[in-house]
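J.: Mapping of the sequence shown onto the working numbering: position 20 corresponds to residue 20, and the numbering continues sequentially without gaps.
Since the hints were derived computationally from the structure, they do not count as laboratory data.
This one's a predicted model, so the numbers in the text were calculated from it and none came from an experiment.
Ideal Cβ placement from N, Cα and C applies to all residues, glycine included.
Be aware that a few hints might be false.
Unchecked claim - Across the chosen pairs, the derived CB separations fall in these ranges:
hint: 1; residue 1: D84; residue 2: T43; range: 31 to 41 Å
hint: 2; residue 1: A42; residue 2: E77; range: 33 to 43 Å
hint: 3; residue 1: G54; residue 2: L16; range: 12 to 22 Å
hint: 4; residue 1: G54; residue 2: I20; range: 20 to 30 Å
hint: 5; residue 1: T85; residue 2: F58; range: 28 to 38 Å
hint: 6; residue 1: D81; residue 2: G56; range: 31 to 41 Å
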Amino acid sequence: MEGLGQFDAIYNILILVVVITLIARQINFPSTIAFIFAGVLATFMPRISLPEIGPGIFLTVLLPPILFTETLTMDVEGLIDDSDTILT
Numbered sequence: 001m002e003g004l005g006q007f008d009a010i011y012n013i014l015i016l017v018v019v020i021t022l023i024a025r026q027i028n029f030p031s032t033i034a035f036i037f038a039g040v041l042a043t044f045m046p047r048i049s050l051p052e053i054g055p056g057i058f059l060t061v062l063l064p065p066i067l068f069t070e071t072l073t074m075d076v077e078g079l080i081d082d083s084d085t086i087l088t
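Start from the sequences, fold in the hints, and give me the full structure.
T.: Quick look at the structure:
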């Protein structure tokens, strides 16, 4: 049953991400900041008990879309300009 709890948690997180993204776009607010606010608010809600998401689930399901999205929106010219600082 542990796998089912993780599936439910991931499903709920994905729905929450979609809702937060849509709201952030409507009010012209950066979605990454909205995610941070949502995470901080979730820590203050004592009635919510979330199942633990293991590192394997995080690395294989949640992290790749985050990296993909950030790669598409990355400032490549700024990265090239700062490459000497980044690589040292």
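J.: Each hint: holds or not?
T.: Right, here's what the structure says about each hint:
no. : hint                     : result
1   : D84 with T43: 31 to 41 Å : 39 Å, holds
2   : A42 with E77: 33 to 43 Å : 36 Å, holds
3   : G54 with L16: 12 to 22 Å : 19 Å, holds
4   : G54 with I20: 20 to 30 Å : 23 Å, holds
5   : T85 with F58: 28 to 38 Å : 29 Å, holds
6   : D81 with G56: 31 to 41 Å : 37 Å, holds
Taken one by one, the earlier hints all hold for this structure without exception.
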